[in-house]
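Quick note, the sequences are listed as chains A and B, same order.
Here the first sequence is numbered in full-length UniProt numbering, starting from 1 and rising by one per residue.
Here the second sequence is numbered in full-length UniProt numbering, starting from 1 and rising by one per residue.
Accuracy of the hints is not assured; some may be wrong.
Note that the list lumps identical chains together, so a pair holds whenever it fits in one copy or between two copies.
What the hints assert, rightly or not - Here are the computed lysine-lysine pairs in the DSSO-like style, where the Cα-Cα straight-line distance is at most 27 angstroms:
hint, residue 1, residue 2
1, Lys638, Lys70
2, Lys303, Lys754
3, Lys70, Lys562
4, Lys498, Lys405
Read the hints as simulated data drawn from the structure, not as lab findings.
From a predicted model like this one, the values you see are computed outputs, not experimental measurements.
Residues per chain are reported as follows:
There are 2 protein chains.
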Amino acid sequence: METEKYSANIVKYIPFLYVVWADDLLSASEIAVFKKAVREDSLSKEERKLISSWLKTETPPLDKEITSWKHLIDQSGIKLVESDNYPLTSFSMKLSFRGNNEEEISNENLKFIEINLGIQPNHYRHLFDIQTRQSPKADFYDPEKIDGILKGEHAPHIDTFRKFLSDPLFQWEISRDKDTFRLRVLEQVKLLASAGYGAMAYEKAYGGIGNMPAYAGIFENLMFIDGSLTIKFGVQFGLFGGSIQNLGTRKHHDQWLKATGEAGILGCFAMTETRHGSNVRGIKTTATYVKETDSIVIDTPGKNDNKEYIGNALHATMATVFAQLIVNGTNEGVHAIVVRIRDEKGNLTPGVHIEDNGYKLGLNGVDNGKIWFKNVSVPRENLLNRFGNIDEEGNYSSDISNPNKRFFTMLGTLVGGRICVAKGAVGGTKLALATAVKYALSRRQFNSGEKVQEDLIMDYPSHQLRLVTPIAQTHVYHITLEHMIRSYSSSTEASRRKIETQVAALKALITDFSNKTIQECREACGGKGYLLENRIGDLKNDVDIFTTFEGDNTVLLQLAAKGVLTDFKSEFNSDSYGDILKLVGTQLSDRLATFNPLFTNNTDKEHLFNPDFHLEAFHYRVRRLTFTAASRIRRYVKKGIPPQQVSLNIQTHLIALGKAYGVMLSYEIFADFVKQIADEKMQFIFRKLGTLYALHHIRENAAWYLEHGYISGNKSKAIRQRVERLCTELRPHVVSLVDGFGIPEHCMTAPISKQ
Amino acid sequence: METEKYSANIVKYIPFLYVVWADDLLSASEIAVFKKAVREDSLSKEERKLISSWLKTETPPLDKEITSWKHLIDQSGIKLVESDNYPLTSFSMKLSFRGNNEEEISNENLKFIEINLGIQPNHYRHLFDIQTRQSPKADFYDPEKIDGILKGEHAPHIDTFRKFLSDPLFQWEISRDKDTFRLRVLEQVKLLASAGYGAMAYEKAYGGIGNMPAYAGIFENLMFIDGSLTIKFGVQFGLFGGSIQNLGTRKHHDQWLKATGEAGILGCFAMTETRHGSNVRGIKTTATYVKETDSIVIDTPGKNDNKEYIGNALHATMATVFAQLIVNGTNEGVHAIVVRIRDEKGNLTPGVHIEDNGYKLGLNGVDNGKIWFKNVSVPRENLLNRFGNIDEEGNYSSDISNPNKRFFTMLGTLVGGRICVAKGAVGGTKLALATAVKYALSRRQFNSGEKVQEDLIMDYPSHQLRLVTPIAQTHVYHITLEHMIRSYSSSTEASRRKIETQVAALKALITDFSNKTIQECREACGGKGYLLENRIGDLKNDVDIFTTFEGDNTVLLQLAAKGVLTDFKSEFNSDSYGDILKLVGTQLSDRLATFNPLFTNNTDKEHLFNPDFHLEAFHYRVRRLTFTAASRIRRYVKKGIPPQQVSLNIQTHLIALGKAYGVMLSYEIFADFVKQIADEKMQFIFRKLGTLYALHHIRENAAWYLEHGYISGNKSKAIRQRVERLCTELRPHVVSLVDGFGIPEHCMTAPISKQ
């Protein structure tokens with residue numbers, strides 16, 4: 001028999017050779033891996049030579065050779081056990097000993113190949129006779145360690161909070177009637193407040209611990225319970241409470257902050273108007289100071305100038321109202337005034353009119369409403385006067401003389417809200433991904449014949465692409481936002497503008513990612529994903545609006561791009577801006593020219609996996625988009641084109657820049673973070689997630705890189721193949737990766753996540 | 001004053017020159033347009049020379065020249081009236097006559113430039129003082145004519161049906177409680193049946209008019225009322241009725257078809273099982289023929305082998321049940337059997353167990369349920385025996401001896417359902433787009449200063465991109481599906497396999513497009529899009545599952561690709577398949593090599609707008625993806641790799657091929673259709689829609705075309721710019737284009753569509 005013609009040493013390599021030649025798994029750097037194993041194994045010279053002869057891409061083994069390997073394997077009658085830690089190694093050793101050895105024999109060199117080539121079930125499932133009814137074990141990486149890394153310094157807060165969420169009041173259920181749903185969510189908010197969670201970001205004097213990052217952490221975890229709860233919680237403590245904390249002064253804090261944190265006062269944040277959402281500076285509501293009564297009169301001028309989509313509007317007794325402040329006949333711009341809208345009995349105060357916004361696509365547990373004010377008078381002291389004050393004489397003053405700057409300073413204090421929105425989106429994404437992954441590990445569909453059970457859908461390459469890529473992105477965005485919330489909390493007014501730019505890009509990038517990912521999870525779960533009991537539907541509908549509120553994504557991306565352009569300009573002496581632009585243009589061309597073909601054509605794994613390559617590619621794109629935008633703007637300005645027309649002319653360019661900037665920033669933060677991970681094994685998997693993130697995004701913009709000659713066609717193809725391959729390589733660890741999100745058992749309520 | 005230095009003839013061109021140089025609107029072919037106008041205008045030699053001197057891209061006018069034009073325009077005090085038919089021409093003529101002429105003076109040459117350069121508000125909004133509070137008129141193209149073209153030969157049926165939909169029972173309202181909603185939808189279905197709409201596709205003898213294309217047309221229009229109604233209607237008349245019509249024989253038709261069309265019998269289509277959705281051939285339900293009683297016994301073997309997501313399961317008295325047919329101990333494969341599941345009083349028949357699937361993301365007006373059968377006995381005659389029969393002796397026979405072929409023949413008769421699903425998706429998309437466009441024409445946000453009102457969001461380039469591109473795609477897909485349903489209706493068994501391949505690709509392509517577009521419409525309407533009253537939310541949730549049911553899109557794309565590969569192989573003498581592959585490879589390389597740089601680099605408008613270029617690009621991509629897939633398969637097969645492993649290895653490749661094939665097919669059908677449009681003006685706008693469709697899709701795959709050297713970097717950039725520019729050029733016609741969808745006034749119920 002043919003099988004006799006090889007020594008045991010050769011035979012043990014045959015399943016490996018068969019698998020790699022049965023697919024095109026071998027690139028130059030990967031042949032090196034195989035050769036290293038062969039070199040270090042105790043083989044005879046002839047054996048080594050024979051194996052090496054089968055490792056040449058120029059002269060691959062003949063088809064009949066490969067077919068003879070197949071016969072050898074088929075005739076052995078040995079089965080591959082998928083739940084082994086190293087299935088292919090175990091199989092090969094059994095084959096080598098022709099089943100004569102009872103003990104399981106391992107081989108470090110084979111293991112080395114199996115790991116480093118990332119050989120996974122979808123590479124061999126139908127090549128061998130498979131014996132298993134279990135999912136492969138997935139404990140190579142400890143999920144708790146991953147969770148620990150993600151939680152970082154807030155671990156104690158998060159852990160306590162997750163236990164707290166096991167309270168029966170938080171048990172998820174389908175809610176269709178908005179009024180019932182809203183009351184339930186209100187009870188949940190009050191329970192959280194009573195345990196001190198609402199006040200977490202406030203100072204100790206007001207019931208808190210002054211820890212904004214931990215607050216943002218629990219905010220994200222609330223998404224595991226319900227989107228409506230998360231948003232109502234955010235409106236009450238983050239937006240309403242936050243407006244008092246950040247826009248008010250000591251007297252306001254003393255008067256309202258503690259009660260707000262305890263949910264003793266329920267409040268809303270009345271900024272958006274029906275006709276002014278994105279363009280907040282153009283709101284029409286007026287707040288006129290009346291000297292005679294030393295009061296401020298709030299008024300909605302036109303029928304459609306009402307406040308709109310105001311969360312908590314049906315339950316709140318107070319509202320922070322944003323309005324044009326008019327003092328002594330002068331419009332001092334938009335300011336925030338605290339207004340009582342209901343009395344203790346819950347009746348509307350005179351002049352206030354509120355209507356329910358009705359049913360929405362999602363978040364029906366949040367009571368959004370429209371508010372009109374008809375000459376509603378409040379004491380002068382209700383002006384949140386941190387950035388602009390009316391004194392006892394009735395005169396307006398502000399430390400920030402430029403009204404424009406004053407307006408943006410006020411808005412800037414609300415950037416924390418945007419970080420929280422993005423964190424919430426990430427929380428929702430985690431739950432959707434964990435659910436879809438669990439399902440993909442129990443759902444089987446199609447097979448090659450009667451004898452084998454059907455394939456797990458997790459083992460299909462298309463399924464790996466659609467789930468594993470976003471898992472990597474989710475890790476990157478989690479780390480990015482943790483970094484941003486810390487930067488924000490410790491920021492000075494000087495550093496805050498930079499953070500605003502960063503957060504604008506990230507909020508847009510991440511909420512858009514979350515929406516697309518949750519949608520992908522729905523589709524990945526087929527009909528089961530469509531049933532509300534499996535949670536993904538509500539997650540989709542709840543997170544949907546995250547792309548719109550707290551700043552429409554399209555607008556935010558342009559805002560971010562404008563910030564980048566401002567920084568770019570301020571890098572240089574603005575006197576010679578034209579010369580500078582020329583210089584930067586030359587630099588960019590030089591940078592491209594110095595890439596020799598070895599760079600643009602380099603398809604080696606080492607190069608493609610190198611963070612320096614990723615960072616260079618992201619920087620180059622941002623730099624070039626910035627430069628070309630700046631050049632275009634300059635050209636238009638020189639022709640006397642008005643600014644708004646310039647904005648229209650380059651709008652799609654700015655949006656591309658905003659996105660590119662967000663991607664670069666996330667990867668920079670993540671790559672830095674990975675360097676700090678002490679545990680080498682953990683560092684390895686996190687780096688791999690970063691590599692997938694980076695290559696995925698370079699791939700997404702491959703047309704642009706190709707247009708600019710930054711990568712060659714071959715490199716572009718190699719990047720696409722690497723993305724697919726990385727998804728496969730991460731396949732055995734998907735469970736660890738989604739368990740690493742730390743979603744408590746009592747929150748994983750979808751029936752399909754329990755199979 | 002500077003303005004005096006130019007003659008009136010020069011002055012009238014200045015606003016045009018200012019606009020084109022204020023943006024970069026000029027390519028070589030567009031300068032030709034401008035020059036033609038100048039040539040044909042009655043100008044002096046000097047005037048002509050001066051204007052020509054300002055039309056050189058190599059030596060553009062100096063910035064100070066452009067600035068002086070701006071001064072000339074600003075100082076005139078003349079306002080541009082946006083609602084004029086040719087705003088820039090009117091403005092220029094007024095400027096030329098310095099306001100001295102009361103009559104409105106027109107100029108054909110200026111109009112020629114304005115139209116042919118596609119100069120639109122976002123090119124000049126902030127360059128001039130604008131006078132208008134109205135939206136620009138949009139009656140250049142008559143929406144009724146567009147609607148007429150889309151309706152084609154079914155126009156009378158569709159028109160009558162649309163009027164019928166004004167019945168108060170169809171009035172849209174928010175439905176949250178599934179039980180109430182389902183009863184309402186049931187009433188609606190009965191009303192449609194009573195008017196003969198359910199039976200439309202059946203023969204006259206069974207109450208119909210035998211017109212499947214018209215049936216598909218009204219099916220699409222039902223989406224304007226409600227997604228649940230559309231689907232329940234489709235389940236009752238298309239799936240249940242269709243199974244009797246297509247899988248049954250005369251006796252079944254006589255017994256059940258008329259009553260089904262009248263909704264006297266309510267039925268369901270019980271194919272999918274909990275563990276078998278995509279892999280229908282693997283269903284577990286058995287139908288065993290028992291000779292003793294001359295009956296067939298239906299049985300659900302395991303707890304999880306129940307029928308799942310079965311529409312109409314809570315209301316139906318009958319079900320077409322798909323099961324493994326076992327006759328004399330032999331499994332003859334999947335067959336359909338009609339089973340009574342409820343008696344006249346609505347009680348379940350013995351052995352039948354049904355559970356409600358509960359709340360879903362959408363379509364809550366459809367009563368989906370799970371069904372178990374415990375030895376349920378039905379007469380032998382209930383076997384739908386068109387493709388397989390049990391005779392009186394209890395012997396099985398079939399005209400199709402190959403069980404595989406038999407199975408696919410049975411499934412093939414259901415391809416009409418896939419076309420209808422895609423048509424429904426297009427209907428939903430039309431309503432969402434019409435709503436978003438109407439909103440974008442009333443919603444304003446941001447402006448350049450106090451004096452001008454804020455800009456319409458429809459005038460932002462990013463908004464045009466997000467709405468106009470899908471409007472073009474919707475027209476293309478509408479025409480494509482009209483073509484397909486006609487082909488399907490008139491198909492023979494021989495041509496049907498080809499149609500199956502086509503429909504598989506199109507159903508996946510179009511339902512995916514619809515989902516993404518409705519989502520885009522939601523976001524384009526901001527907070528208003530999130531309110532259920534504005535309909536887009538329900539459309540999103542209803543259409544969502546269209547990507548899954550009637551064939552999961554991922555599976556269908558692979559099915560389509562496999563069909564394409566089969567055709568490819570059968571093109572040639574299969575004996576020398578290897579040689580043929582080599583030949584095709586050479587042909588493809590030659591095709592690429594014969595493209596001289598003039599082709600790969602050609603960025604001229606004439607070339608980029610030429611359907612021959614589009615068709616060549618789509619064909620090339622499909623051909624190359626087919627060839628590389630075939631080569632890979634051959635390589636694997638020669639190595640003895642089992643088929644299922646080969647499928648895994650090339651899965652993502654097949655999916656890319658399936659999509660590319662669908663895009664090519666749609667464009668081919670559309671381009672052919674456009675040629676037949678008699679009305680030249682209409683032909684012009686339809687061709688433009690096709691151009692946008694084609695360039696958009698080439699752009700989507702720009703990385704691939706660049707990788708293969710099919711287009712140069714410059715051409716890729718030019719295509720991107722053309723896509724943006726086309727969206728802008730179609731901007732004045734968006735209302736006509738969405739009104740051309742023919743959605744009746746009584747169905748456009750979203751408050752935001754009425755502003």
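Structure-based check of all given hints:
Proximity of lysine 638 and lysine 70 under a CA criterion of 27 angstroms is satisfied inter-copy only: 12 angstroms between copies versus 72 angstroms inside one chain copy. In this assembly of identical chains, the alpha carbons of lysine 303 and lysine 754 lie at most 27 angstroms apart only when taken from different copies (17 angstroms versus 52 angstroms within one copy). Only between protomers do lysine 70 and lysine 562 lie at most 27 angstroms apart by alpha-carbon distance; the minimum there is 26 angstroms, versus 61 angstroms within a single protomer. For a Cα distance limit of 27 angstroms, the shortest separation of lysine 498 from lysine 405 inside one copy, 14 angstroms, qualifies, whereas the shortest one across copies, 65 angstroms, does not.
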